[in-house]
Amino acid sequence: MSKSKWSRGVAVVGAGMSRFGAFPDKTSRDLFVEAFKDLNKNMDKALDPKKIEAFYLGNFSSDQFEKQAHLAPILASWLGLSPISAVRVEDACASGGVAIRQAALAIASGEYDVVLVGGLEKMTDLRISEVTEALGTAADTQFEIPAGFTFPGFYAAMATAYLHEYGADRNAFFDVAIKNHKNGALNDKAQFEQTIEQIMEDKKARAVQKGRPEPTWKTDLEFLQDPKGNPNVAWPMTLFDCSPVSDGAAMALLVSEDLAKQFSHHPIYLIGSGQASDGALPERATLSSIPAAEKAGKQAYEMAGLTPDDIDLAEVHDCFTVAEIMASEDLGFFPRGEGWKAAMEGKTARDGEHPINTSGGLKAKGHPVGASGVGQVVEIWKQLNGLAGERQLPNAPKIGLTHNVGGSGQTCVVNIFERRD
Amino acid sequence: MNDYALVNKEFFRALEAGELIGSKCLDCGEFSIPQREICPFCHSTNIEVVTFSGKGKLVAYTVISVPPVKMAQAGYDSKNPYCVGIVELAEGPRISAQILEMDLAHPEAIAIGTELVMTTIQREEDGVQKAYLAFKPA
Ligand SMILES: [Zn+2]
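If you read the protein sequences in the order shown, they are chains A and B.
Counting along the first sequence from 1, when you hit position 56 you're at 56 in this note's numbering, and nothing is skipped either side.
Counting along the second sequence from 1, when you hit position 2 you're at 2 in this note's numbering, and nothing is skipped either side.
Since the hints were made in silico from the structure, they are not lab data.
Where is the CB? At the ideal position from N, CA and C, for every residue including glycine.
You may find that some hints are simply not true.
[Claimed, not checked] Here are some of the chain A residues that sit facing chain B, going by a computed Cβ distance under 8 Å:
1. T160
2. H164
3. L287
One chain only, chain A, in its complex shape (with noise of 0.2 Å):
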């Protein structure tokens, strides 16, 4: 049974983004411009921009990466939207997630019946070290960057709770990374549309064009398991178990249940929402799960009244390949300490019994941060519709559910959609 406290209902007409990647040629404006666009060539019904009252903008930095604050009423004037009210939310990477439920709750609440949510970030223009340095702002700059902790590293420490615990096999890692990568390979928008066995023939390709010995790699496994192809970042975590730094836009356009087939014969609709908070690393009494993301789950699940098996598909953040396999478990895919032998038996593929991240995910997609939340509902929104091209779902899926982590899990939002006949 449903237990919404929510007013009234809230639906997504639209859903559109720009290719992730890295542009130096673009700003993020160009790329703004770009998901707007794409959005309005993927909606059924012309949209009319004056119907839309509210912007909600997930961003995590611009001021750091673009040394330029205040986004949101810019965006809305690049878009011509002005004056209507503009917002940026900011919850690390999970701000795009927190954007699409902020806007919803506006839509419950009443005040507003057609809001554009927007979800970007431009991160390439920095050196990697400023990137790394940036990132580490969303953690507690007073307490763990000083210990030298970075993004990889809170994960690679969670990773090495978790291989503990569980006796879990490093490989499972390597596992979600070759599946993201085989999804990614099919999405046209994704900053890496290629396998990690095309990424691998590329590098003998190009050690013989330089007239160096072939590498041995046999396998995409062996090549992910030599650190000459694949180098440490922080350890157990690799440079193919990290999300890229990208550049890239996405959106989505929400309005009340009861509007929603005026924008769009093919809707789909918002039926759970859930957020949690946590503090720091070191404050959490488990370090092999996150705890924010299996509260904001069970918020989600109860509002809808659905059960984790209802799910047909899932979007999780995928930042690091340990995060997707403790997304499987926290989200109650998989029992606790199951979801690296799941990951590893192809349970997580899309001809599996819990398909996660057909989009290519954040490792494969890229991982524009503010973008990542709201790219999660477009992948949703054209899998519940049909629209995902070479790698949709067969058995026309109905349920999708998306799952953001702010952090090392300070933050995380969990959405789930439906599609009605």
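Position chain B with the ligand relative to chain A; hints supplied.
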């Protein structure tokens, strides 16, 4: 009880003196590090500053090859990685710290549960030497 005040900056003043301080809630008895003016367990403000024994054990760790700017300034890189981890103090609470004297060439052999003792490490930050929290095997 010691002479440190119940504000965040005192943690770093104590560290310069080689001491590890935190707080104890006089109502529920829970320890916190860093110190908290409001007990996160029972919301009491009946709190005193305490000095920890400095003994603890490793509960999670990583060996970092791609350091942030400040650790790079201190001389760390992919050829000279460092270990950072989360330490559970003998008194109960946990804190992040650099972990010294570990076999960085074999990170898989670093053992969770290793008994540790508090120390400090001097790192240069913007031209000034500063003491940072670290632990080493007991
Ligand atoms: Zn207390």
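Here is how each hint holds up against the structure:
no.: 1; hint: T160; result: 5 Å, holds
no.: 2; hint: H164; result: 5 Å, holds
no.: 3; hint: L287; result: 5 Å, holds
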